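Asks: The listed protein sequences correspond, in order, to chains A and B. The first sequence begins at 1 in our numbering and counts up by one. The second sequence begins at 485 in our numbering and counts up by one.
Since the hints were made in silico from the structure, they are not lab data. Every value quoted in this text rests on a predicted model; they were computed, and no experiment measured them. Possibly wrong hints are sitting among the right ones.
Sample of chain A residues facing chain B (criterion: CB under 7 Å; computed from the structure) [said to hold, decoys possible]: (1) Asp62; (2) Gln66; (3) Gly68; (4) Phe69; (5) Tyr70; (6) Ser132; (7) Asn215.
List of simulated lysine-lysine pairs, PhoX-like, C-alpha gap at most 25 Å [stated by the list, open to error]: (8) A:Lys109 - B:Lys700; (9) B:Lys824 - A:Lys88; (10) B:Lys826 - A:Lys97.
For each residue, glycine too, the CB sits at the ideal point set by N, CA and C.
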Amino acid sequence: MKRYLSVKIKLLMPLLFILVIVFIASSFFIIERESNEAETTLIENAISFSSLSAENVVENYDLYYQSGFYKYSEIIEELISLNRDLFKIQLIDVNGKILFDSDEILGGKYNENIYHERYVSDPELLSSLTKSTYTLDLNNKEYQYFMIVQPFIESFNAHRYSVVSFYSYDSLNMEVQNIFFEVLLLTIVFIIISCIMIFLVLDRLITIPVKKLSNKVKVLAEGAFDDTIPINSNDEIGELTSSVNKMGKDLKKSRERLERLIEEKENFIVQLSHDLKTPLGPILNLLKIIIANEDDKENKEMLDVMQKNVFYMKNLVNNSLDLARLNSPNVISNLSEVNIKQFINNHVKNKLHLIKNKLISFKNNIPDDLTVNINEYEFEVVISNLIQNAIYYNKKGGIISVNAHKEDGYLKIAIKDTGIGMTKEQIEHAFEEFYKADVSRHNLSSTGLGLSICKRAIEKYGGRIWIESEGKKKGITVFFTLPR
Amino acid sequence: MIFNIKKKELRTIIPLIILIVNIVIFSGCIEKQQNNDYQEEEIIRIGIYLPPNNNITLPSITDFDNYSPQIKYPSANIYDSLVEFDEKYKIIPSLAESWHNPDNFTWRFILRNDIKFQNGYNFSAEDVKYTIEKMNNSRLLSIIEKIIIIDNYTIDIITSKVEPTFLNCLTQLYIISKKYHIDTENFPPVGTGPYMFHNYSNGNSITLKKYNKYWKDDFIFDYATFRFYDNYEEKIDAFNLGDVDLIDELNPADYDRFRQLNDTAVVNVSYPNVYYISFDFKEYNKYWNEEVNPVSNVSVRRAIYYAINITTIIEQTNNYTIVAPVSQLVNSNIVGCNPKIKRFEYNRSKALQCMKEAGYEHGFEIELDFFNTTPINIVSSLIADNLKEINISVKMDNLTYYELLQKILNHDSSFFIIGWQMESRDAMEIFNDVLSSVNISKGYGEANLGYYSNAKIDNITEKINNEINDKIRIPLMQEGFQIAYQDVAYIPIFELRSTYAFNNRISFTPRADTIIKLNSISINS
């Protein structure tokens, strides 16, 4: 599950990154555009307002400034209050003399007799006084306002005064700030919605089909080749799905063919083993007679070698038959309840001469009442191989001990020897067919199929078999389990 | 305040005399009410200069139409009017939330319906009608033809003619409760304003208490005390000792001294108060027996004008209070001011020439009536010195406030110094009250104490009273001032700048009308 999520996130992250970049870029573009538009509107409105109010400022100046300053102050104050951006008005004549400054509303009428006449000092403003409507921008760190210089043209076309209106950028800054936060908020909302939508789309278009594919591959790996995934798209995933479906079909065909070949092979081996086994009986019997009747020592030795090889061939044939039998799904085994201790003791009796020859002590520690439901022949094959190996690879005067106990619904049986022991590598390959651990085992008494047969037999019953060894010359213990 | 006469003060005199009988009774009662129950509260103490011998005592505070210093500051905070001036003489709504004019003569006021008087009585149109009927303003009464109550909160005031400055007149029409006034004669005074009358102490202070149910702003101070000082040094000492937080009328030296101090602030504002010399314009009066009154001759008046050295007067006066020379009774803040009018230059030879033309080459003796207070007495002496140079011998008649008031009210002075404080920002009041020929029935010339009369000015007065277009009114008034100037209907001396000092506990913004309203004062954080 985590793997699928990470695929989604891997796909989502670059998309998210691109989205953020795109949205931020768009946002800045929108903010810039809106800000410029707001500034243009502010200046246009300011120009309109200045143009419309100039007459009011000038005519009331003529009427009231020298005769009713309080009234004039009130008029200008009301005029300023009509435009939230306007914070100051000056009436200046074309020579640059300041006739009125709205600061006088608060500070009282300017007294030229005491403080002398006031003149504009800014050369740009001074030169603009004789022009048509002029905008003087002072939007910098120190000042945050602009001025509109509005000439007042009187009815007889004279131009004596210009009205200079000071407009603050405060409301514009506030508006830009609001735009910024609105766009930022919308950007975040859009990014979140986009992420959710992309997540869902990716899920539907990529993650879910990929997950289905993955599950299909898992099922294929488990051998179920019949399931097919519906192809819902004609893209790469559709193509991949189609390929996986085709692969499933191909694998199914290959498996069927392989099963057929294995069956044919098994039949062939069985047939071959039977065909080989049939003449081996008379040969062995005849060889016994010939050896018994042969007096020539040299011939007798050659006949002994021949007899050993025939025995080996017989064992090989028998083991191959056993292995083929165990591999064949068609073979149905008859099961019977077997007392394990007794069964093993009976088997050991047949090998007492071998045990005595090597002075080996045999200890059967299995409880008397332990039984298992198993095919006797197959159990005999297992026990025979394991006991035989324990005797064969044991040292002279060694010990073979057999133990069994119940564990988690299984019977766990252990056959331990004190023989030559095995390395880890040898243990790893021990259950492979025809594997012989070392050169010393390349003799005619071992076919290299014993443990493979044991493994097949145990696994046929749902059990497990394994070897543990502390190393060379420290003996081994073969464990196997059988369901109870 | 040095001294100035207001038409309303003139009207106050008679009621004062009548009410003086009650002084002892009321002041005794009020003394008992005085206590210290507001020691823990926020209180503002304001020191006001009171002209000597102007001891208007408690009962006069019940006179809602009284504008003497002790009364006008408390009254401005106890009462509301239908409309009021803001700090720059702009008319703003008060008890009338709006008004409109169904025709040129009708002013329809829509009154607020959520107002209660400080004693809990409801405010209604009946109270407005009653107040107008009871007020002591013949000029306003003369122009009001009818009052019609439309409903409890709508009232029509119909004027006899177009009245351009009608709302100005209403700004100081403090509304009283009809029922309360009938029952109690308005004692103790009750209005709808932000402060209630609290007590009166020792004849020299009035304390107001905040009216917590005031309909408009929330005021800061729980109590406000106006303390009156008839001695300048005493007022300054009180401020230095922290007995008062705010004082008015500083002399230039103290103004500069307080300006240097870190814990004190000073502020000044143009004070619409002009001092001028006026005359008896009648050819014959009791002072000249069978002879012609010399100042009735325009050449003599011009001679006096030329003879006055205004520069010296301003320099000397500025040792006591901040003043500036003026050329007419209004300054340029007032609608109607004529900026072209300049003072007669100080020119002794021209003065002598005028005297010669008038036939007074050898001069004459005349009595100058003035209120004996500094710096008016100094100004009077300087004028006397100036006139001596043109052979006019001035007999100094230094009077108390009431003596002067009585004398000029009785038109019993040939030559006097007086002040005029504007009540509005329109010079029409000068024409109506000072320059127009005396016409009691029309309410004109109430402050025309020397019976000046000029038909052209009367004509202009009539016109500006019937005209609402300033483009027509202003040139008319300017023409009128020019005529008065030519006639030397008065000789303007100077205008005052009102000055204040206050400690760093508070901030204060003076009003153009110089009335101290307590919402002009705030506490510094």
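Asks: Does each hint hold? Answer for all of them.
Replies: Going down the list of hints, with the structure as the test:
no. : hint                : result
1   : Asp62               : violated (10 Å)
2   : Gln66               : holds (4 Å)
3   : Gly68               : holds (3 Å)
4   : Phe69               : holds (4 Å)
5   : Tyr70               : holds (4 Å)
6   : Ser132              : violated (28 Å)
7   : Asn215              : violated (74 Å)
8   : A:Lys109 - B:Lys700 : violated (31 Å)
9   : B:Lys824 - A:Lys88  : violated (29 Å)
10  : B:Lys826 - A:Lys97  : holds (23 Å)
Of the numbered hints given earlier, the model fails hints 1, 6, 7, 8 and 9; all others are met.
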